[in-house]
Amino acid sequence: MASNEGGQADGRPLAIDAHGLVKRFDGFTAVDGVDLQVPVGAVYGILGPNGAGKTTTLRMLLGIIDPDEGTRRILGAERPHDVAHAIGYLPEERGLYPAMKATEAIAFLGSLRGLPLKEGRKRAHELLERHGLGYAADRQIRQLSKGMAQQVQILGTLVHRPRLVIFDEPFSGLDALNQGKLEKMMRGLAEEGTTVIFSTHVIAHAERLCDDVAIIAGGKVPFAGPVDVARDRIRPQVRLETRAEDGPWRAALPADLRREGAFWNFSLPEAGVEPLLRALIEGDAGILSLSIERAGLHDAFVAIAGEAAARALEESPEQEQAR
Amino acid sequence: MSDKTRTGTRTGRLSVLAAAWVVARRDFTAILFSRSFFFFLLGPLFPVIVGALAGSVGARVQASAEQPGLGVAMSAADVDALSAARARLVPALGDAIPNLIVLEKLAPGQTFDARAALAGKKGIAAVLTGTLAEPVLTGPDGLIGNWRGPVSMLAVQARSGHVIAYPEIALQPVATSSAGERRGRLTTAQSAQMMLFLLTMMLAGMVLSNLVEEKGNKIIEVLAAAIPMDSVFFGKLFAMLGVSLVGIGTWAAAGSLVFLLGGSHLPHLAEPAVGWPMLIGLGVVYFAMAYLLLGSVFLSIGSMATTVREVQTLSMPVTMLQLMVFFFASFAMTQPGSMVETAALIFPFSSPFAMLARGAQDPAILPHVLAIGWQALWVVVLVRIGARLFRSRVMKSGPARAGKRTKARRAAEAV
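Protein chains in written order, with this note's numbering: chain A, 3 to 325; chain B, 35 to 449.
Errors might be hidden in some of the hints.
[To be verified] Straight-line Cα separation of at most 30 Å, DSSO-like style, residue types lysine-lysine; simulated pairs: (1) K186/A x K156/B; (2) K156/B x K124/A; (3) K148/A x K156/B; (4) K249/B x K103/A; (5) K183/A x K103/A; (6) K183/A x K139/B; (7) K249/B x K148/A; (8) K222/A x K120/A; (9) K148/A x K183/A; (10) K103/A x K139/B; (11) K148/A x K222/A; (12) K183/A x K124/A; (13) K148/A x K186/A; (14) K103/A x K124/A; (15) K120/A x K252/B.
Since the hints were made in silico from the structure, they are not lab data.
Only a predicted model underlies this, so the values are computations on that prediction, with no experimental measurement involved.
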């Protein structure tokens, strides 16, 4: 796919290149200097607790609202509406006309993005059939279940075959089966070269899908980068079982040591595993079992977002209480 | 900028107008084929039915009520002469001559208490006593003032005793006289203004409920993400304008039928200065302008309100202001050439009303071209302001108002 996106990061062209985005509402700073660089073709997760500023950030990227400060380039365009035909968007609050039939709803969403209605109807039928919803093609939205209506809207988001798809909390409201289907669909889009961005506060989805994530907390981005790098922000966790209860070897264990039943849990010391093993053996700890686990994205998220929230509370307690 | 998709169909950036067309087409067809539109079409029928029923009941009440008459207490000769005179005058003067109710034929020298008769006998509004040469009319001040002339004419006719032949008048109606022309056109202008105002008020409110419904459906964010808000607003305005014009067309067709069936009973309006076809054309254009101007304000209100109750609260001041604007335009119409008229012509919200009235009174066409351009400019300005307000004030998410809540909580905690 030819790319006319603007900017590059590590030699990769960027679908989104935003710097210093700020948005205030009635004196409340919802987003406070957000930087985002999303490479073309990536599956990019925007993670954050409720009220962190995820939706406001996405709305600024889409041009629904304008930032008070900062710049944004979406698919190379400074004005998002100039490339609206190449963008698909599923808002957090789903919305379709209740009296419209499923096919018409999908075609209408496509027509908003410049797809002729006739072609939109044709594609809508194909999409509904492909996703097992062919039987609902002529049903009104009001006759569909909430989950089905949401699937129809997701198909409407994709009917014009966008180069960039932005989903705001796409998994909420879907059952486990349909969550799985959506994950598969998102992977498929990325394989076709479509850039996929989604916001979520359920980290498991991001861990399974994303190459890169941005963690938003308190309107700021304390971390943006590859998932592996986020995980590496947390030291690997050691789980140790020893024969001896005490001894000189205890001095080699770090300060965050926690006892859970027969096990000692602690972060792997910065010096690494070898000095630790040496101390345990020489100190006659009697190692019964020892495992080292890499931190998950969830742990990384909790740590990063937690630190950021604590820092924000320190800097501006009123603002954070309001959030 | 455009993209060729895998099937070869091009999708490209929609212009503001093309995007507005997408919204307008959806709204127009959705509303036109809805049940609510059918009831909307029947809307004007209800006041007509209620009016007709009220008129019919009123007529029955009036018919059943006693017609107040003029009681007569005079000498027998005078009473007979008066009755004969009335019979001769009624064909020419009709209801202007009061009904005569003989109270008593007086003997010579007999007196009669008119006040007592008025208090006692029902159906008598006044009492005539005295003689034909010196009649005395007793009764309420306003009524006897009105009956003074007819009673005098009756007395003269009765005294003369001659049968006066009233000539048959040949009638030659003309559309207007030079003296009546201005007055007639003023009436036409007033009628046109009133019609324009009623239609605008009745139809502009529809935009409000449409947008509130849209926000309820949560579709507004999808629209705002895909196309500029200007397009959303324009699309909605023009869709509702289209629906309104369909409604007006239907009502006009029904009205024409009524006119054809009972035209002779409808009021005759003087020919407007620009002629009827042009005035009707201008009426349509000025309705569109008045509708778009008011609709754009209502749309902005609707976009910021979240519930129907909020809409009603917010739109009330606008409705009152619109009423004042209408009165302003009506007043300006009676002051041609004055500063007041100029102000009404320039002020965007009164301009369509004032210009339509001008069309009825002044044959010049160029001012209409300028006015329509001026009003269209204001439609664009108002829509853009509304769209900007929407973008800056409406699309907040999460704890956008948390600051206010915190203040409220702090205040509660302080108590």
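- Sort out which numbered hints this structure fails and list those numbers smallest first. Checked against the structure, the hints that fail are numbers 1, 2, 3, 6, 8, 10 and 11, while the rest are satisfied.
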